[in-house]
Structure formats: structure tokens, C-alpha cells
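Q: Starting from the structure of chain S, add chain Z where the hints point.
Chains S and Z are the protein sequences, given in the same order. Residue 571 is where the first sequence ends in the numbering used here, and the numbering goes up by one at each step. Residue 571 is where the second sequence ends in the numbering used here, and the numbering goes up by one at each step.
Hints are computed from structural coordinates only; laboratory data are not their basis. Values in this document were obtained by computation on a predicted structure and should not be read as measured data. Ideal placement from N, C-alpha and C gives every residue a C-beta, glycine not left out. Be a bit skeptical, because a hint or two may be false.
Now the in silico label distances, taken between C-beta atoms and shown as ranges [said to hold, decoys possible]:
1. S/404 / Z/300: 18 to 24 Å
2. Z/283 / S/319: 55 to 61 Å
3. Z/540 / S/523: 37 to 43 Å
4. S/386 / Z/525: 34 to 40 Å
5. S/310 / Z/427: 48 to 54 Å
6. S/482 / Z/466: 40 to 46 Å
Each chain is listed here by its residues.
2 protein chains.
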Amino acid sequence: MKILAVDLGGTHATCALVEGRRILVRQTLALPGSPSLAATLEAIASSLEELHAGSPAQGIGFGFCGLVDSRRTRIASTNGKYTDAVDLDLAGWARERFGLPLRLENDARLALLGECFAGAAQGETDVVMFTLGTGIGGVAMIGGRLLRGKHDQAGVLGGHIPVNFAGRRCTCGAVGCAESEASGWSLPLVTRAWPGFASSALAARNIDFQNLFACATAGDAVSREIVDHCLRVWGAAAVAAVHSFDPELLVYGGGVMQRADLILPFLQDYLNAHAWTPWGKVRVRAAQLGNDAALLGAVPLFDQELPLVR
Amino acid sequence: MKILAVDLGGTHATCALVEGRRILVRQTLALPGSPSLAATLEAIASSLEELHAGSPAQGIGFGFCGLVDSRRTRIASTNGKYTDAVDLDLAGWARERFGLPLRLENDARLALLGECFAGAAQGETDVVMFTLGTGIGGVAMIGGRLLRGKHDQAGVLGGHIPVNFAGRRCTCGAVGCAESEASGWSLPLVTRAWPGFASSALAARNIDFQNLFACATAGDAVSREIVDHCLRVWGAAAVAAVHSFDPELLVYGGGVMQRADLILPFLQDYLNAHAWTPWGKVRVRAAQLGNDAALLGAVPLFDQELPLVR
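Okay, chain S solo, but in the shape it has when bound (with noise of 0.2 Å):
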């Protein structure tokens, strides 16, 4: 079976034909500042009809950076991004376009699913997965099944979880979330709040993580503190979806993994020393497939997941 897959992201849209555990091939498009999902819909549409013709597929499997009904097919949610997405009927556009069914889901959700297809969980029942980026993602699957809940949003918002609840208000609406205590966007508020940022390293750089760990390791004081605050926030939100969803393996993937080496064994120590489970250790690993995760698991979407609404 061959499926249409479309990772949605903030900055850029991904559009694949996907056979199996393979990508055939793969379409990235930039989308600069683009306020419409209508607008950029046009976009995706001339790229799937591409990859539709070459080699017919089944169906499309769509990926969205926001909350998502997945069994209305709706997006429920977008967080600042896209907000016209919330008044559009994907279905009915894919099978008007395309006479193809649509299966939508949060792309956190999606990039799980393909670790469990065929990256860093084949085999696991119960993980979660933390993409540590611009936002955080934090996904939890448990028994095989994606958590979901009464309105699609168990399982889905471990970055927004509250590890300091006096701290920075995150875009969500709540207090002291991973995601606004360590995150891509909020790293920069983070550190020009820190005290001896300005006599710092870090003052006169871009302030991300490569240069936040790059300092650090170059010795910069204020760098060290920073990256022990990150992690004990990432290793408090590792605790909580632990303590909240019970499972085995906790996979990490995000830009923020490029200094793995670092935080793995950071979060494995924590979980350890940390976590309340009595059965064992809960395990720390990698995320395999990087951006192909999400594309990889618009096929496990349609074989495995939810019966098909139309």
C-alpha cells in the first residue's frame, strides 16, 4: 500500500510517497511566514499531485502542528499557527481533490507512530516520545494504542505539562511548561532573564541551544547553569509522563538531540535516581528517523489506528 504523507510544520511543509517502511521520494516546501492553511493548502495540492500521478496512492496521511480531533478528521487547536485551520474540512478537500481518503493527526502523534513502525520503539506498547525542538512535544502511547481521550488531547501535550508552577506563562495559557521554561523560543527569554547574562559567553552570540552547549562546554559559568536548568526541566517533564502514563521507553528526537551524548544519560541518571516505578527502570533512547518519523507513520495511521470516518 502506498500512502501520501504530509508533515505541516510551522516553517515548512514536507509531502512524501510512502511504501511500506520506505519514503519513495519527497517533496520539502519552504513557507515563509504563511498566516493560511487555505493558502498553503494550494501549495501541498500541486506537490501530492506530483507524487500522485508517478505512482497512485490509497490515501493521505496529514500531519499538523496543533491539536487535532483525529476521529472528526478536525483540527481542533492551532496555537497561533494557522489559525484558519480550524474552519477547514481536510476530507473533503482530499477527496475532492484527490478522490483519496484523509487521515489526520497531530504531528508528535504521527512522528511516534513511525518510531514505533520502524525506528527507535518497533517492538514497545508503552512510550513516550519527547521532541525537544522549537516547542516540545511529549506523546504517549500506551498498550500499542495512542492515548487520546474524551476530546483527542490525553497523551499529547507532555510539553505542556507544568514543572514550575511559578514560572514563565507558555503560549498554551499555563504556567511553568517544559516548553516555556526550555524550549527553542522560550531558551531565549530564559537566558536574557539569567543573572550575569550580559558579562556571559552567551551575550554576544545567537542564543539557541548549539550555542548555549557550545559555550557551556567552552566553560562559560552562566552557560552551565542554563543547560542544568534545561535539563532538570526536561528530566521534571520525563517524571511526570512517567508518574502520568506508566511506560517502559522514553524516545527523545528534536534539533535540541544533537548533543545527545549530553542529555540522554542526563535523563537516564534522573529516571533513575527520580521516577517511582517498581517493576524496573524505564529506558532512554534516541529517536531514529529524525523528520522522516512523521512521514514514516502516515502508514501505521492507516493500518493500524482508528477506523475511517468519512
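A: Structure of chain Z alone, referenced to chain S:
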């Protein structure tokens, strides 16, 4: 169907005979500092024999104050209390002593089952119940079923989700749990470390929530700050539960809820302001059954929950 119900806490046990939504008769046993479950079981057995002799029951529903593997009818971890409990075969004990099947459940989970069966959550399918007392219980039901997970630990540790990653170490091993930041046992620790405590009205009193609320109401500034601290801790725990489990209703029980008049409006406002729930607003409600909840929960534990493993 009549059920024998046991609710075993750290300092007392209640045994009861329950039929439908009625508690026919109950006996409460004081357990002053009893360290062993084996010894405690003798007292429980005497009470149950008395209840059973007068009016034969069809099973024993046993609520325990620790982590429980209800599918295997074993106690998984006790967090300091009844450390011999993990080695005991309660199902065997019930079979030999009474000729009855026994089902075992965590006491906070049983209380939620009870509130769903006969109390504040009747007719609800997606609920989280918090118990604010000496510790903090936090239990999730999704789609009408208790959330369990691989090792029966999912959805039962709502008081042990870190809300302060730089906070106080909890008895569970984690850092900054809601329970270690604002519960009966941690309140004295939090209070004595508070700036200005020594000169506050609270310093002359036994430190518990009743006195804390009384001093705050009387205008003591430090007490007001600590009340505010506790409310925000509970608010963060509420958001964590909503973002993890996607409930429509939060039910609050436990001794601290004597000040429900102050706590519930705060939590409702907090969730309205900070929970990311595009589908609508999560409701907040007081538990109705008090200590009866876990006893009444023994009925649905037999009727609706797990298949019985003998």
C-alpha cells in the same frame, strides 16, 4: 449483590458490608502505628467475619494506600507503609479464610469509582479525582475506565507529578511533586522554611491546613502567602491532569476540602485561565461521599472493572 469492602489507610481501616449504593454496616479499626500488613490483616479478618456472618457477601473489595497491580491482585509498592505488603497474597487469604474472591485496588482509584457510582461524578466518563489530605491522590478515568497502563501505574499518581522542578524532594523519590509542595505532611516543612514564618501568627500554632486557613482569614500575611502558594500548586497539578488525561470534570475530596468555599472557585478560575481546552471548560466539583467513596467503589470494582483472575 452484597460486597465486603475494606478501606485500609495508614492509621485506620474501615470494613463495611455494601449493597448497591448503600453501606449496610461498617466498623472502623484504629491501627496505631501498625507497621505490618500481616498483623493488620488479623484485625481486618475478625471484622469481616462478623459482617459476613450476619449477611453473606459475594466478594471482598480491598482498597490499599499504595501502588497496586490490580490485574494480578498484588501490592506493588507501599511508599513506607506496610512494607511486607508486596509479599502477601491477599486473594489467597480471602479464598482460604472466607471462600470469597477478592479484588484489590488503590484506595484513591476506589474513591473515584465510588464517586462515579454514587457521588459527584455520576454519569461522567472522563474524570480526574484529586484527594487533598495528608498526601495528594490524583486518579484518572478515561472513557468510563480507570487508566491503568503497563504496570497499573498510569493515571494514579496525580499527586506525584512534579510542579516545581527545583522544589522539595518527595517521599516517592521525585522532586517538587504537588504532594511535597502542598499536602498535609509537607505543609509544616514548607511553612517553617517560609520567609517571616517565625514572626507569623502561624508560628504559635500546630501547623495544619485548618490553622493555616484560619490565620490567613484572620489577616496574617505569611499565612496568606502560603495559602496562595498551595492554591497555585494545586492549580498547576489540575492543569497537568487536564493536559495529560483530557477530562471534562475534576472532583476534589480529602480533609483539606473543608475549605472548598475558597479552593474550588480558585481552581475553576485557574483552569478557565490556564488550561488549553479548545472544546470548552473543564468543570470543578467537590466530592460528595467523603470516606464512604472507597467503600462504595467496591461495588463497581466487582461489577464493571477488570475480569477476575483466580
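Q: Confirm or reject each hint.
A: To see whether the hints hold, each was checked on the structure:
1. Look at residue 404 of chain S against residue 300 of chain Z: about 37 Å separates their beta carbons, and that is not inside 18 to 24 Å.
2. Distance hint check for residue 283 of chain Z and residue 319 of chain S: the Cβ-Cβ separation is about 57 Å, which falls inside the suggested range of 55 to 61 Å.
3. Take residue 540 of chain Z and residue 523 of chain S: their Cβ atoms lie about 39 Å apart, and the range 37 to 43 Å holds.
4. Checked against the hint of 34 to 40 Å, the C-beta distance between residue 386 of chain S and residue 525 of chain Z comes to roughly 38 Å, which is consistent with it.
5. Taking the beta carbon of each, residue 310 of chain S and residue 427 of chain Z are about 52 Å apart, inside 48 to 54 Å as hinted.
6. At about 44 Å, the CB distance of residue 482 of chain S to residue 466 of chain Z agrees with the hint of 40 to 46 Å.
Hint compliance for this structure: hint 1 alone is broken.
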